[in-house]
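J.: Sequence:
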Amino acid sequence: MAMNGTNGIHTVLVPNGHPQTSIDNEGRGNWRNKAEFFLTVMGAIIGPGNVWRFPYLCYRNGGGVFFIPYFLFMFTCGIPLFFLETALGQYTSQGSITCWRKMCPLFEGMGYASHLIILFSATSYIVIIAWAFFYLFSSFSADLPWATCGHEWNTESCLDPSHPNAAFFTATFPFIMLFVLLIRGVTLPGAMDGIIYYLYPDISRLSDPQVWMDAGTQIFFSYAIGLGFLTSLGSYNTFNNDCYKDCFYLCLLNSATSIVSGFAIFSILGFMTNEQGVDISEVAQSGPGLAFIVYPRAVAMMPMPQVWSVCFFLMIILLGLDSQFVGLECLMTSLTDLFPALRRGYRRELVLLAICSTCCIMGLSLVTEGGMYLLQLLDHHVCSGTTLLLLSFCQSVSIAWVYAILKSLQAYGSHLGPNKSSDAWNHYQRGAEALIPKWGTY
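Okay, so the sequence shown: first residue is 2 according to the numbering used here, each after it adds one.
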């Protein structure tokens, strides 16, 4: 690949061998600075799933032992594929559909598949955000509805939360709020029992393929790999931007958020089991139950619970809206790259309105009496699991072997600097390809 830096024009040698000239994101725009890119990606990959999905998976799959496959997948699959998708968008300056036309047209269908997942994710996320708004409005009452028993929805096992003295401080959302909940949780009686359940290693679980499957899918799900987010967001970077450090720090921040959330959740679960006299397996659950049962319980035990409740559910709403906004914007990026005429007038806005309206109508099925089951089906079998593993495997093979590993190194190294193109990338790519098919078949 040859590059002429004059006037931002680059000559790109694509797989068919014919040079093409492209101007940095002409008609599309660029990020104004690196911080804007970093914060947008952070909002996209850190969502409600970090505070309820990882902690339960860790508990269910052997406690502390789960960190072994989790970190293995993180360094051999998560970080390199995170970088691959970001660099793919930056190199082609295209969304996650049209980027494949420049790299490997045979795999363009992966772009359409990832956008279908985005549509289903948007349908489920908007329902979760609606629940958070419902709880938020309820937080403005004199007494929090979930702080006391005696309501028509309470069961016989309901217990009124106690209110021990505590003092906390807060500054910004959402990490400070999560830190506050962690501090509140570990100071409750029985919290240590919950943390032990969270981290207690069960070595025998390493022989269970499902443990490895859950670790891999959690990495792919939380890093938004295979969804097209990273490619679309990376396409707004300048051609010569060094995205190595950005990708590495974003991945570490994402995993750290998930791990800290686990300590916050299971310290509270330990208190609940100590209070009710039952085993933690009876109160530990996956999915939205953690965000809308366990966390509100902790909030209700704080001084001025209404204030903390508003803060917490604002955090959930902001986390959900970040992922929702970015997902839909990435979808529109691909559509406008595919059909440039959409940039004229209000066509883009009208198409976005039609997509949002369709997702809203589809989401009505998730607020019926059986809606929770449909939501769990979408969460476990459509928006994660083997779906993302298959897409990521195809993506890795198409770039590393079909497009050719040497051309990839040449293309990425040309705009990241000669010292960045090393055998480490080759090792990372082939390590990912070796691990994904091995466990993805179970």
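In case anyone wonders, no lab produced these hints; they're calculated from the structure.
Since the model is a prediction, treat every value here as computed from it, not as a measurement.
Even for Gly, the Cβ is constructed at its ideal location relative to N, Cα and C.
It is possible that part of the hints are untrue.
For each label pair, taking beta carbons as the anchor points, the in silico distance ranges come out as [said to hold, decoys possible]: (1) Tyr201 to Phe134: 33 to 39 angstroms; (2) Phe134 to Phe180: 33 to 39 angstroms; (3) Asp280 to Pro202: 14 to 20 angstroms; (4) Glu370 to Pro304: 17 to 23 angstroms.
J.: Does each hint hold? Answer for all of them.
T.: Cross-check of the supplied hints:
no. : hint                                 : verdict
1   : Tyr201 to Phe134: 33 to 39 angstroms : holds (37 angstroms)
2   : Phe134 to Phe180: 33 to 39 angstroms : violated (24 angstroms)
3   : Asp280 to Pro202: 14 to 20 angstroms : holds (19 angstroms)
4   : Glu370 to Pro304: 17 to 23 angstroms : violated (37 angstroms)
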